[in-house]
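Enquirer: Residues per chain are reported as follows:
Protein chains: 2
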Amino acid sequence: MTALLNRGDIDFAVFDWLELHSRSDRETVEAFLDLSEKVAEESFLSHYKLADVDEPGIESGEVRICAAVKDALAQYAELGLFGAGFPERLGGIGLSQLACTASSAYFSAANIATSGYVMLTVANARLLAAFGTDAHVEAFARPQIEGRWFGTMCLSEPQAGSSLADIRTCAEFDEEDDLGKRYRLFGNKMWISGGDQDASENIVHLVLAKVRADDGSIPDDTRGLSLFVVPKLLPDGATNDIAVAGLNHKLGYRGTSNCALNFGEDRGAIGWIVGSPGDGLRQMFQMMNEARIAVGLGAAALGYRAYLLSLDYAKERKQGRAPGSRGGAPVAIVEHADVKRMLLTQKAYVEGAMALCLYCAHLVDLEDSEGDHQALLGLLTPIAKTWPSEYALAANDLAIQIHGGYGYTREYHVEQLWRDNRLNAIHEGTTGIQASDLVGRKILRDDAGLAALKRRILATLEAAETCPEHAEFKDALEQALRKALAAADYLRSQGLDRAIENAAPCLRGFGHVVVAWLMLDQLVCAGRLADKTRQGQQRYAGKLAAYRQFYVHDLPKIGIWLSTDSYARSDYGAIDIDVL
Amino acid sequence: MTALLNRGDIDFAVFDWLELHSRSDRETVEAFLDLSEKVAEESFLSHYKLADVDEPGIESGEVRICAAVKDALAQYAELGLFGAGFPERLGGIGLSQLACTASSAYFSAANIATSGYVMLTVANARLLAAFGTDAHVEAFARPQIEGRWFGTMCLSEPQAGSSLADIRTCAEFDEEDDLGKRYRLFGNKMWISGGDQDASENIVHLVLAKVRADDGSIPDDTRGLSLFVVPKLLPDGATNDIAVAGLNHKLGYRGTSNCALNFGEDRGAIGWIVGSPGDGLRQMFQMMNEARIAVGLGAAALGYRAYLLSLDYAKERKQGRAPGSRGGAPVAIVEHADVKRMLLTQKAYVEGAMALCLYCAHLVDLEDSEGDHQALLGLLTPIAKTWPSEYALAANDLAIQIHGGYGYTREYHVEQLWRDNRLNAIHEGTTGIQASDLVGRKILRDDAGLAALKRRILATLEAAETCPEHAEFKDALEQALRKALAAADYLRSQGLDRAIENAAPCLRGFGHVVVAWLMLDQLVCAGRLADKTRQGQQRYAGKLAAYRQFYVHDLPKIGIWLSTDSYARSDYGAIDIDVL
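These protein sequence lines map, in sequence, to chains F and G.
Taking numbering that gives the first Met the number 0, the leading residue of the first sequence gets 0, the next gets one more, and so forth.
Taking numbering that gives the first Met the number 0, the leading residue of the second sequence gets 0, the next gets one more, and so forth.
These are calculated hints, taken from the structure and not from any lab test.
Owing to the predicted nature of the structure, the values given are computational and were not obtained by experimental measurement.
You may find that some hints are simply not true.
[What the hints assert, rightly or not] Keeping only pairs whose Cα atoms sit at most 27 Å apart, straight-line, the calculated DSS-like set for lysine-lysine is: (1) F:K556 / G:K556; (2) G:K482 / G:K556; (3) F:K473 / G:K556; (4) F:K556 / G:K473; (5) G:K556 / F:K482; (6) F:K556 / G:K482; (7) G:K48 / F:K48; (8) G:K482 / F:K482.
Isolated chain F (complex conformation) (with noise of 0.2 Å):
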């Protein structure tokens, strides 16, 4: 069977490249990570095609899902992978985040839509721990961690998709309890992944919504929004007042239900404050951003896992005849000039993605004193985000191409890895939005995100210059970051209305121009381990062909996206929307 991710390159990034077994105790995580791979092969691969077409339904107004889907959930709580990253104090058992990570590609490589329960419920479970009193944490957060109650996030409604400051949902205040301010909420919310589902014992749902002002109206921005827990079943075991409203038929992704719900068509749902009126959007953001890194790592994942299945069809498939030779016995078409390059462009996709999301996981464990990675995580996470979701999605795509007509078949995977993986530029925010993001807020208002950047990658630079073999890598990168730096000083200078209507082309670029600095980075600590084993050589020849592809073939691309001169050209404002 084709592994679902290469445990040897898995491993070489977190414990040689980001020094895992530094601050942890190796053989710990080795087992964690072996436990992870097993179960996910077992348990989350095995029903990957059933789950697709064995989609969620609605029966008695409830969700009903795939008994598979339930089954590997439950053996997941059983093993208490769902407290795998909190602390002992609240059950978990305390891994750092960059171990969680990668255990969690495993889960996503072969199960998305499982896995999207998971993602759901820690993020959640987070956010409460972070914001929560201890009566919050204790009620909800606790059955999440031991994976007996689910979660969500409840943000968008029909008029409100990314516009969050148009949220109609309102809070009333009803009254203080044991778990703090209670509230009745009224609205509709949709999008809402694990909205409804009968694999957990009761469903947690974060809400956003206004709260109510004593004359009846509600804010119309951001800043009236707060949050708002709100359990499918209420403390006494009565069912609050929280229907579906309906199911969404889709594309992929299609073990995880996605509903639409109506909250207080009755006498109200019931949800207790978590902080106060307005801190909502603030703390959401929270969940938001460690949901957007998870997106982009279930990205990275799906492109992963189809690089592995394309490469070992290629190895077996034979067809065609060796290159120069004109006769003889058809040769495996991994021998073939173009199948090479697609394999190459897919693992350096797809390698740079996993090493993206890797490293923004091991920012969240260093020690922060002076918000330094706190404010590279920032500038990083709408890339994380979005490369990923682009990038594997092309070795996604690639891959069928490999497959042929076998990969335009539902025998195969690689069809449904494509579909599933296309979801990922979408949820969690658009890549408009996290463009938007990254130029409108990191760029333009904060400096420190950038020249965290700027240190590291020359710090990367410096490391390069001892090897001979990496001086095309280096000055093809130096050029690159002079690249990134211009074209965000040009946005700066141009103000905010001016500098989004380019932000999309900026965060390719900028996305292209991290992903070759973690390239070059790997190259350096692969290059200084290549000499000890024969693994070792094979891993440091692998990445210097893949990424010189990509150095190659896709970094010069940077000349078009963070093109100063091609920002200037691009005045969409002046476009009138007739002549489309």
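Start from chain F and add chain G according to the hints.
Expert: Below, chain G alone, put in the same frame as chain F:
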């Protein structure tokens, strides 16, 4: 309802740009396109989603397809549309290839899977009309021109997908009868679109096979390939020895049955040779080339429809605020720069793809005493197959993105258009095969095609000289042409094996240069007509904006794809497969 294609743009291309009215009665062609648009909407589009879920199945060894597909094809036949492009002496209407292609674009946009049966039937009949005897034409082509029988092309075998030399299906001479030399065929064919169905009275298979020599051997290269016409039902009404071995369940294109067929499980499938033994590949290339351009056209049409759907969606969907405004009511998302950029990109891709395919049809129609058009068509065929399959597909991807979460649901059509279009880079020769064809056959072996392309681009550059608005396009296209010619020279100097290593980027680069040329050529024409009508003004302004988007943000990629430096640095043969 959203239009299938922009009729104004199609009319502009057909009548103004390619000047069909100078060779053909404009009113007749307009009425034909009116009819095509109407039938495509009423009978083909109407079952687009239905045929995606009501997939072909096998009952008692025969394939049954969705009833709505059969009804649509029956109506298409009743209107005489199968015969649109055939001369009257063969029972056709005698319309030009350009008119027929514009008509096909409507049916492909409405329902690519249902249109697939038509495309194969017409190409099959045209091959027989070109190479068959009068008896073959009467017996096998006429019923297809009437739309009573449908056709297939049977090339691939399990061990021979793209590698036709490895075909093992063999033919044993039986005897001569009214239809010529009769053979019995034995072998397994796969990926046969329309290989079995219950929509037509009979099915005409055109089968590539090798004639068994007297000593029992069969040749092991393509020179031994011969072409046979093998009907499902024999002239005497008996069922031929052809068994359906299985059906493929696909990612998209689901309305078209796709079969594995076993010829000669019993006494041998009866077939008549077309031409002489060894003529097979040359003859089949006529059908393959026609099918390749048809595949490109289908891809263009799928992207085109998705563009129009997202344009309408973007005009209706309100979300966020206008640039520069911090409050007020939400605006239609078409007002956002990021959405406008995506729409302009789509418009450039789909109009570029459509123009390319219509231009190829135009070349078929032109008198060609010196073989110049034929040489250019040869060069353009792999490009017309591939460029729309990649870039109109990119327009489909953007259509999902513009629709946001809605685009990911099966309630909308854009996800299916994307799935359907993904096949087009695979069937009728993958992109890798097209790249080998362009570089190996057309650039390395044939000067005439490249010379013809150069002459025409120079003519367009000259025509663009009079208009200052075209200066930026002209300069960029001049440089692009130089780059393409230099890349071709370089590849020629490298010899076949090294040249093939860089065939894929070369194909992409040539694709962009050719499409950029056709864009400027359209701008010259649209610019001349812009003053005459308000519509003409808008068309010109729209093309200017979209094609500028392409010239500024896309065309510079040829700096990578046509870079002789990057060709020199790509030595895939030197890369050990074990490091992948």
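Enquirer: All the hints need checking, so say for each whether the structure fits it.
Expert: The hints, checked one at a time:
no.	hint	verdict
1	F:K556 / G:K556	holds, 7 Å
2	G:K482 / G:K556	holds, 12 Å
3	F:K473 / G:K556	holds, 22 Å
4	F:K556 / G:K473	holds, 22 Å
5	G:K556 / F:K482	holds, 17 Å
6	F:K556 / G:K482	holds, 17 Å
7	G:K48 / F:K48	holds, 22 Å
8	G:K482 / F:K482	holds, 24 Å
The structure shown violates none of the earlier numbered hints.
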